[in-house]
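Assemble chain B onto chain A, guided by the hints.
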Amino acid sequence: MIDKQLESAARAVADVFDGATVMVGGFGEAGSPIELIHALIDQGAKDLTVVNNNTGSGEVGLAALIKAGRVSKMICSYPRTTNSTVFPERYRSGTTQLELVPQGTLAERIRAGGAGIPAFYTATSVGTPLGEGKELRTFGEREYVLEHGLTADFALIKARAVDRLGNLLFNKTARNFGPIMAMAGAVTIVQSASVVAAGELDPETIVTPGIFVDRIVHIADPAHESELVAEGVSYP
Amino acid sequence: MTQASTPRGLTRGEMAQRVALDIPDGSVVNLGIGIPELITQFVPEGRELIYHTENGLLGMGPSPEPGQGDLELINAGKRQVTAIPGAAYFHHADSFAMIRGGHIDLCVLGALQVAQNGDLANWSTGAPDAIPAVGGAMDLVAGVRTIYVITQHCTKKGDPKLVDACSFPLTGVGVVHRIYTDLAVVDVTADGFRLVELSPGVDFDYVQQHTGATLLPIAEDRAASHV
Numbered sequence: 001m002i003d004k005q006l007e008s009a010a011r012a013v014a015d016v017f018d019g020a021t022v023m024v025g026g027f028g029e030a031g032s033p034i035e036l037i038h039a040l041i042d043q044g045a046k047d048l049t050v051v052n053n054n055t056g057s058g059e060v061g062l063a064a065l066i067k068a069g070r071v072s073k074m075i076c077s078y079p080r081t082t083n084s085t086v087f088p089e090r091y092r093s094g095t096t097q098l099e100l101v102p103q104g105t106l107a108e109r110i111r112a113g114g115a116g117i118p119a120f121y122t123a124t125s126v127g128t129p130l131g132e133g134k135e136l137r138t139f140g141e142r143e144y145v146l147e148h149g150l151t152a153d154f155a156l157i158k159a160r161a162v163d164r165l166g167n168l169l170f171n172k173t174a175r176n177f178g179p180i181m182a183m184a185g186a187v188t189i190v191q192s193a194s195v196v197a198a199g200e201l202d203p204e205t206i207v208t209p210g211i212f213v214d215r216i217v218h219i220a221d222p223a224h225e226s227e228l229v230a231e232g233v234s235y236p
Numbered sequence: 001m002t003q004a005s006t007p008r009g010l011t012r013g014e015m016a017q018r019v020a021l022d023i024p025d026g027s028v029v030n031l032g033i034g035i036p037e038l039i040t041q042f043v044p045e046g047r048e049l050i051y052h053t054e055n056g057l058l059g060m061g062p063s064p065e066p067g068q069g070d071l072e073l074i075n076a077g078k079r080q081v082t083a084i085p086g087a088a089y090f091h092h093a094d095s096f097a098m099i100r101g102g103h104i105d106l107c108v109l110g111a112l113q114v115a116q117n118g119d120l121a122n123w124s125t126g127a128p129d130a131i132p133a134v135g136g137a138m139d140l141v142a143g144v145r146t147i148y149v150i151t152q153h154c155t156k157k158g159d160p161k162l163v164d165a166c167s168f169p170l171t172g173v174g175v176v177h178r179i180y181t182d183l184a185v186v187d188v189t190a191d192g193f194r195l196v197e198l199s200p201g202v203d204f205d206y207v208q209q210h211t212g213a214t215l216l217p218i219a220e221d222r223a224a225s226h227v
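Residue numbers (the working numbering), protein chains in the order written: chain A, 1 to 236; chain B, 1 to 227.
Hints should not be assumed to be uniformly reliable.
Here chain A is said to cover these stretches of chain B; the calculated rule only asks that three of the stretch's residues, wherever they fall, bring their Cβ under 8 Å from a Cβ of chain A [as the list claims (entries may be wrong)]:
#1 64-74
#2 170-179
Calculated cross-link-like contacts (lysine-lysine; reagent style PhoX-like; alpha-carbon spacing at most 25 Å) [what the hints assert, rightly or not]:
#3 LYS172(A) x LYS78(B)
#4 LYS73(A) x LYS78(B)
#5 LYS73(A) x LYS46(A)
#6 LYS73(A) x LYS134(A)
Here are a few chain B residues that sit away from chain A, every Cβ distance over 10 Å (derived from the structure) [unchecked claim]:
#7 VAL43
#8 ILE84
#9 ASP159
#10 THR189
#11 LEU198
#12 ASP205
#13 ILE218
#14 ALA219
No lab work stands behind these hints, which were simulated from the structure alone.
Ideal Cβ placement from N, Cα and C applies to all residues, glycine included.
Excised from the complex, chain A in its bound form (with noise of 0.2 Å):
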């Protein structure tokens, strides 16, 4: 019987090489897998290259794997936000690298990794700092730039309800990059706060197909980033 359920954490992190490519789900906090990543840092890969729209806050859940010094390189659209010390350190000692990628274009690439292909143009970035060097071509009377397709050794993902299949509901605006992620992942981690029998998802309403989730952890009742950076955690 097909069931991807681990009974932790840290079982499911446990393979993530050095210099693995790792997706991490999540807008600010909201879809933020901290426990998986928690994990991650106890776990102890290094020279990993993370894609996430942001670079966390403070000192927990992504900034916490970023001041561990386990990120060699950032991908994201926004590294700047409230409470983002780590990585403007990191970024300017030199000691973690940034891709800045415009933020829609950053989830059509993790859209198209995940569906199988390879490139699309995009007017996005045309004329710009950020679309330099880049393939251009014309196609009516716009041009556009050439933009690959991302994929990754390790999705880490947060979902509101999970069955053993791996179909996934999310939580309003926590949705954002997980069901991308989960296409692009080649190893999709789910870290679920509820956990149902198949059946119990209706299948007119499932955001992300079983196909796409390798493995589950049930976390129950999930830490929020912020109430740990009001509290002034610092992980581990």
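Frame of chain A, contents of chain B only:
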């Protein structure tokens, strides 16, 4: 160039109110962070606007009552919001398909500089020690059908923000249609900046003095407005 010591022109709220007058009933609108967010307070009676926030919500409502919010129901500025009856959540690729695919009617953004050909700079001053961050600004200006800018006419130091050519890194090329400032409403036309309307107590010469490019007078045929 220095600003007169006596403040003239519109307040931030009045600027937002002026923009709100020009947004047609039924529009799907994306509002940038800051002054653009004030527009929701001034939508004229009888008009219904649908607000899109690019992190994944169509039908964004006002801030929640204290203690009633959800840390996972936020806007693009990462502040807690509500969802109106009839709202929809979606993932980022769908959200930016709405933008890139031309499905959003109007976007109102802040600016560092706007050039007379409609070039916009609003994401970076290019300072060497700054952490570059762009978010969805480039996607919005490339994809949304109509782009309005709402901004002070000059910087706090008195430098004009409406300029001949942007000196800051561009967000998009030739993307701005209309600019609402404390001093005036200005259209970007094929001939350059054209005055649409002066704020109360402000005259043409004063606006021209505070603009870094030639300002064309109000068109004879005001009905030529693209709105």
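Each hint tested on the structure:
no.: 1; hint: 64-74; verdict: holds (count 5)
no.: 2; hint: 170-179; verdict: holds (count 4)
no.: 3; hint: LYS172(A) x LYS78(B); verdict: holds (13 Å)
no.: 4; hint: LYS73(A) x LYS78(B); verdict: holds (24 Å)
no.: 5; hint: LYS73(A) x LYS46(A); verdict: holds (11 Å)
no.: 6; hint: LYS73(A) x LYS134(A); verdict: holds (20 Å)
no.: 7; hint: VAL43; verdict: holds (23 Å)
no.: 8; hint: ILE84; verdict: holds (13 Å)
no.: 9; hint: ASP159; verdict: holds (21 Å)
no.: 10; hint: THR189; verdict: holds (19 Å)
no.: 11; hint: LEU198; verdict: holds (32 Å)
no.: 12; hint: ASP205; verdict: holds (33 Å)
no.: 13; hint: ILE218; verdict: holds (30 Å)
no.: 14; hint: ALA219; verdict: holds (26 Å)
Hint compliance for this structure: every hint is met.
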